[in-house]
Amino acid sequence: MKHEENKGGEAETDAGAPPSMESGSASAPDRPHSHAREGVALTILQLPALAAISLYMLILGGVAAVGVVGHHYPPLFLILAVAFFTASFGLMRLFRWAWALTLSAVVLLAAYCFWIFSAQHQGSALVQGLLNLVFFLYLVRVEVREKLR
Numbered sequence: 000m001k002h003e004e005n006k007g008g009e010a011e012t013d014a015g016a017p018p019s020m021e022s023g024s025a026s027a028p029d030r031p032h033s034h035a036r037e038g039v040a041l042t043i044l045q046l047p048a049l050a051a052i053s054l055y056m057l058i059l060g061g062v063a064a065v066g067v068v069g070h071h072y073p074p075l076f077l078i079l080a081v082a083f084f085t086a087s088f089g090l091m092r093l094f095r096w097a098w099a100l101t102l103s104a105v106v107l108l109a110a111y112c113f114w115i116f117s118a119q120h121q122g123s124a125l126v127q128g129l130l131n132l133v134f135f136l137y138l139v140r141v142e143v144r145e146k147l148r
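Sequential numbering from 0 applies to the sequence shown in numbering that gives the first Met the number 0.
Everything labelled a hint here was simulated from the structure, so no lab data went into it.
Warning: the hint list may mix true and false statements.
Stated by the list, open to error - Restraint ranges, calculated between C-beta atoms of paired labels, are given here: (1) L130 x W96: 20 to 26 Å; (2) V65 x F88: 26 to 32 Å; (3) V68 x L107: 20 to 26 Å; (4) L125 x A48: 17 to 23 Å; (5) A110 x I58: 15 to 21 Å; (6) L107 x P74: 15 to 21 Å; (7) A118 x V62: 18 to 24 Å; (8) I115 x G69: 28 to 34 Å; (9) V141 x L107: 21 to 27 Å; (10) L54 x R140: 32 to 38 Å; (11) I58 x I115: 14 to 20 Å; (12) A51 x V81: 30 to 36 Å.
A virtual CB, placed ideally from N, CA and C, is assigned to each residue, including glycine.
Let the hints inform the model, and build the full structure from the sequences given.
Okay, structure coming up:
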């Protein structure tokens, strides 16, 4: 069978193909939806401090959960643990709601730690409060907010 040409003398193209396929570029991904995953991974790699803050929130959630299990904290602290875990995983996925949850948690923890330092003069509370303050100052940067979805 011969290849049929349309009236203008050009070979027929598939009208349903995406524009990148019509132009003949060979840069199409082999697997479907792989470009979406690579885009998210590249954005997270561009903001390594966001991954560190997510890990910090994960550790805080673990400490709260272990403290409840060991009867050091009241059972209501499990709500905080769930909030910390949720913020951690959502921040890794670059969700804006997770950024807001993390930002509020960091501000409240900084205020609590500074209050503990002023009332009981514990040096560890000052260090954790300053760490939370640094995380807050990083999270409010415009570059960080632009990468969230």
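Hints, verified against the model:
1. Evaluation of the 20 to 26 Å hint for L130 and W96 yields a pass: the beta carbon distance comes to about 23 Å.
2. At roughly 18 Å, the beta-carbon separation of V65 and F88 lies outside the given 26 to 32 Å, and the hint is violated.
3. In this structure the hint that V68 and L107 lie 20 to 26 Å apart at CB holds, the actual value being about 23 Å.
4. At about 21 Å, the CB distance of L125 to A48 agrees with the hint of 17 to 23 Å.
5. For A110 paired with I58, a C-beta distance near 19 Å keeps the hint of 15 to 21 Å intact.
6. Between L107 and P74 the beta carbons are some 20 Å apart, a value that agrees with the proposed interval 15 to 21 Å.
7. Here the CB-CB span from A118 to V62 is close to 21 Å, well matched to the stated 18 to 24 Å.
8. The hinted range of 28 to 34 Å is not satisfied by I115 and G69, whose Cβ atoms lie roughly 20 Å apart.
9. About 23 Å separates the C-beta atoms of V141 and L107, a value consistent with the hinted range of 21 to 27 Å.
10. In this structure the supplied range 32 to 38 Å is violated for L54 paired with R140, their Cβ-Cβ distance being about 19 Å.
11. Between I58 and I115 the Cβ separation comes to about 18 Å, which falls inside the hinted range of 14 to 20 Å.
12. A51 and V81 have their C-beta atoms about 21 Å apart, which leaves the hinted 30 to 36 Å range violated.
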